[in-house]
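*Asks:* These are the residues of each chain, in order.
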Amino acid sequence: MAKKTRIAPSLLDLAEVDRVVHEPARLMILMVLYGVESADFTFLLNATELTWGNLSSHVTKLEEAEYVKVEKSFVGKKPRTMVQLTDTGRRAIDSYRQTMQGAMRRLG
Amino acid sequence: MSESINLRDVQKRTMQLSTFEDGLWDLLLGSIFMALAIYPITRELLGPAWNLTLFLFLLVCLSVGQLVTRHFISGPRMGYVRPRRTPKMRLLLVVTAVFVLLTLGLVLLTFFSPEWLSSGSEVATPSLTRSYGVELIVVFIMGGIFSAMGYMFGVTRLYFYGWMLGLANLASVYMSHTAGWTFLLPVAIAAGIILVIGFMQLLRFLRNYPIRTQEA
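Protein sequences, first through last, are from chains A and B. Residue numbers for the first sequence follow the numbering used here, beginning at 1 and rising by one. Residue numbers for the second sequence follow the numbering used here, beginning at 109 and rising by one.
Check the hints yourself; a few may be wrong.
To be verified - Within a straight-line C-alpha distance of at most 30 Å, the following computed DSSO-like cross-link-like pairs (lysine-lysine) qualify:
{"hint": "1", "chain 1": "A", "residue 1": "K78", "chain 2": "B", "residue 2": "K196"}
{"hint": "2", "chain 1": "A", "residue 1": "K72", "chain 2": "B", "residue 2": "K120"}
{"hint": "3", "chain 1": "A", "residue 1": "K69", "chain 2": "B", "residue 2": "K196"}
{"hint": "4", "chain 1": "B", "residue 1": "K196", "chain 2": "B", "residue 2": "K120"}
{"hint": "5", "chain 1": "A", "residue 1": "K61", "chain 2": "B", "residue 2": "K120"}
{"hint": "6", "chain 1": "A", "residue 1": "K77", "chain 2": "B", "residue 2": "K196"}
{"hint": "7", "chain 1": "A", "residue 1": "K61", "chain 2": "A", "residue 2": "K78"}
{"hint": "8", "chain 1": "A", "residue 1": "K77", "chain 2": "A", "residue 2": "K61"}
{"hint": "9", "chain 1": "A", "residue 1": "K72", "chain 2": "A", "residue 2": "K61"}
Unchecked claim - Selected chain B positions facing chain A (in silico; Cβ < 10 Å):
{"hint": "10", "residue": "Q119"}
{"hint": "11", "residue": "I181"}
{"hint": "12", "residue": "M186"}
{"hint": "13", "residue": "R190"}
{"hint": "14", "residue": "P195"}
{"hint": "15", "residue": "K196"}
{"hint": "16", "residue": "L275"}
{"hint": "17", "residue": "A279"}
{"hint": "18", "residue": "Y282"}
{"hint": "19", "residue": "M283"}
{"hint": "20", "residue": "G300"}
{"hint": "21", "residue": "R315"}
Quick caveat, the hints were computed from the structure, so don't treat them as lab data. Cβ atoms here follow ideal geometry from the backbone N, Cα and C, with glycine treated the same way.
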C-alpha cells in the first residue's frame with residue numbers, strides 16, 4: 001500500500017523542483033545561456049544586472065552542479081571568462097520548465 | 109512570479125543586447141545606403157568599372173571597421189557572445205543572405221541596368237528593367253526581410269528601416285524618370301535618418317554601458 005502524503009497531489013511536482021535552477025538569479029543566468037553558444041562574464045552582468053560577486057557565486061554553484069562549463073582565457077593581456085551551458089544544464093532547464101508549466105496548469 | 113517566463117523573449121533580448129544595442133549595425137546599414145545614394149555621381153566621375161571597385165572596397169572597409177569598432181568599443185562594455193548555431197539559425201542566415209544579395213542586385217539593376225537589357229542602343233532609351241514593377245518588388249522584399257528580422261530579434265526600428273529604404277528606392281527611381289535626377293536624394297535622406305538613429309544609439313550605449321572591471 002502506497003504511503004499517504006499530507007501534501008496535495010497537485011503540489012507534489014513543485015516539491016520536486018530542481019532548487020539549483022529555481023533560484024531567480026541562477027534561473028536568469030541559465031535562461032540567457034540557453035539561447036547562445038557561450039557568453040562572457042561582462043555580457044552576463046549586463047543581461048542579468050547582477051553584481052560581479054553575486055554572478056560569480058551563482059556561476060560557481062551552477063558549475064558545481066555541472067550545469068555550466070567555465071573557460072578562462074586571456075585576450076591580449078585581459079582575462080576573459082566564457083560560460084557555456086552543458087547538455088546536463090540544458091536538460092535541467094527543459095525539465096524545470098515542464099515541471100513548472102504542469103504545476104501551474106494544475107494550480108489553475 | 110506574476111508572468112510566465114517566455115524563453116523566446118529572453119533569446120530575443122539576448123540577441124538585441126549582443127547585436128543591436130550599440131548602434132553599430134545601424135551605422136553600417138546607413139553608410140552602405142549612403143554609398144549607394146552617391147553611387148551615380150561617382151559613376152559619372154570615375155566610370156562604371158572603377159566606381160564598382162571603389163564601392164566594393166568601401167563595403168569591405170565598412171564591414172572591417174564595424175568589426176574593429178565592435179571589438180574595441182562595444183566588446184569591453186557589453187561583453188562577448190558566441191551565437192548558437194542551430195540548423196534553423198543556419199538556414200535563416202542563408203535565406204537572409206540570398207535575399208539581401210537579391211535586393212542589392214535588383215537595386216543596382218534598376219538604376220544601372222546593362223545595355224543588353226535595353227531595347228535600343230541609344231542611351232536615352234528606357235531599359236526594360238526600368239519599370240515600377242521591379243521597384244515595387246524591391247519595396248516588398250526589403251520591407252519583408254527587415255520586418256522578419258525585426259520580429260525575430262524584437263527590434264522595432266528594423267520594420268521602419270525596411271519599408272523606408274524600399275519606398276526611398278521607389279521614390280528615387282520615380283525622380284530619376286520624371287525629373288532626371290542622378291543623385292538618389294530619397295535614398296540619401298533615408299540613409300541619413302538611419303545614420304542619425306545609429307549615432308544616437310551609440311551615444312546612449314556609451315553612456316549606459318561603462319567599461320566594467322572586476323571590482324565594479
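*Asks:* Could you tell me which of the numbered hints above are not met by this structure, giving the numbers in increasing order?
*Replies:* 1, 6, 11, 14, 15, 16, 17, 18, 19, 20, 21
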